[in-house]
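Q: Given the structure of chain A, go ahead and fit chain B onto it with the hints provided.
Chains as they are written, first to last, in this note's numbering: chain A, 16 to 212; chain B, 16 to 212.
Treat the hints as calculated values from the structure; they're not laboratory data.
Among the hints, erroneous ones may be present.
Given that identical chains are not distinguished, each listed pair holds provided it fits within a single copy or across any two copies.
[Stated by the list, open to error] Restricting the straight-line Cα-Cα distance to at most 20 Å, the calculated cross-link-like pairs of lysine to any residue (SDA-like) are:
id, residue 1, residue 2
1, Lys101, Thr59
2, Lys101, Val129
3, Lys101, Arg60
4, Lys39, Ala58
5, Lys101, Ala58
6, Lys198, Ala177
7, Lys101, Asp161
8, Lys101, Ala177
As the structure is a prediction and not an experimental result, all values here were calculated from the model.
Number of protein chains: 2
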Amino acid sequence: MAPDPQASPAHQLESFVSGEQVFKGMLLDVRRDVVAMPDGAHATREYVVHPGAVVVVPILDDGRLVMERQYRYPVGRVMLEFPAGKIDAGEPVLQCAQRELAEETGYRARQWAVAGVLHNAAAYSTEVIHLVFARELAAGQRALDDGELIDIALMTETELDAAAASGDLTDAKSLISLMWLQKWRAGAWPLRWFAAP
Amino acid sequence: MAPDPQASPAHQLESFVSGEQVFKGMLLDVRRDVVAMPDGAHATREYVVHPGAVVVVPILDDGRLVMERQYRYPVGRVMLEFPAGKIDAGEPVLQCAQRELAEETGYRARQWAVAGVLHNAAAYSTEVIHLVFARELAAGQRALDDGELIDIALMTETELDAAAASGDLTDAKSLISLMWLQKWRAGAWPLRWFAAP
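Bound conformation, chain A alone (with noise of 0.2 Å):
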């Protein structure tokens, strides 16, 4: 990635000196670059080039939360998320965000809003993951990809904050999502909705 120069003080960035690919599967794409340290030693930097994704905070009208419950292979378990997925190539976020709402749950929503962005594994990922609100939704159809399996949970704001303090809540951009609904809620986080098909 290219470095943010605000974000990227002379004595720690770190520059591209050469890469490769080493993986590439279905899934997973895996660099391997050589980089120039400030003092122009060398090291090797081993990552996943991740496309980002997007999380949808689902709001309904009676303040209920649309969640799922999918099984992670990676961690062994289900695991209990707000509805989320990568961006497709060129997808600006908001489409992206329709869609997987869509997809996932049958939701459509009328009123959105962009909270922010996150990075959940910034030592091994390019990945970023863009926050969105979703209100006034309408339940419909959902179209899952070829094998993917998902339950639907309605859940009251109350039931997440203590499924996150139990430990039945570990997922990060969903611990994050709730953290960003609370503060709004609270007046502390402003959002600024807009409408959209």
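A: Chain B alone, transformed into the frame defined by chain A:
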């Protein structure tokens, strides 16, 4: 990973059929498994095998937090983060927290609390991050690894909250650490403190 039966309803469970290591570098261990879906169909799962990590919330007597700024090559920017690090083979979580805090910041703590865990990339990594609190801190010498360039920043909770709202704090484990800190301060999510050298 062995599935957790409690968290794995039969209609979602995926079971191991065969597997291979597709990349082993200095940092990353990447596997590709064939799994059987609940309907018997086979699917491919690619993921990073990670030893697990610890993130530490170090609270000074005046309430400020010991934070780090570190260049993260995969995302091309300096990240604001709580101190964290990978668990060595066989290392207990508390010992890892004590070691990483001392190595990266020089601080030692007399009081500790283990808050919970989070999964930061459950779709493609086995990583689990243990969230540990530390207080009654004493400053000392740090011992950075060769090539490790970490700046220390002492920040108030208010400053950190503003950094999260403005997009300066985007690291997932650190946002969740801030959330947990605020929940604890508000009396919502209690911590069980214990003394450890």
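Q: All the hints need checking, so say for each whether the structure fits it.
A: Structure-based check of all given hints:
no.: 1; hint: Lys101 / Thr59; verdict: between (27 Å within a copy, 17 Å between copies)
no.: 2; hint: Lys101 / Val129; verdict: within (16 Å within a copy, 32 Å between copies)
no.: 3; hint: Lys101 / Arg60; verdict: between (24 Å within a copy, 16 Å between copies)
no.: 4; hint: Lys39 / Ala58; verdict: between (22 Å within a copy, 17 Å between copies)
no.: 5; hint: Lys101 / Ala58; verdict: between (30 Å within a copy, 19 Å between copies)
no.: 6; hint: Lys198 / Ala177; verdict: both (16 Å within a copy, 12 Å between copies)
no.: 7; hint: Lys101 / Asp161; verdict: within (16 Å within a copy, 35 Å between copies)
no.: 8; hint: Lys101 / Ala177; verdict: neither (28 Å within a copy, 28 Å between copies)
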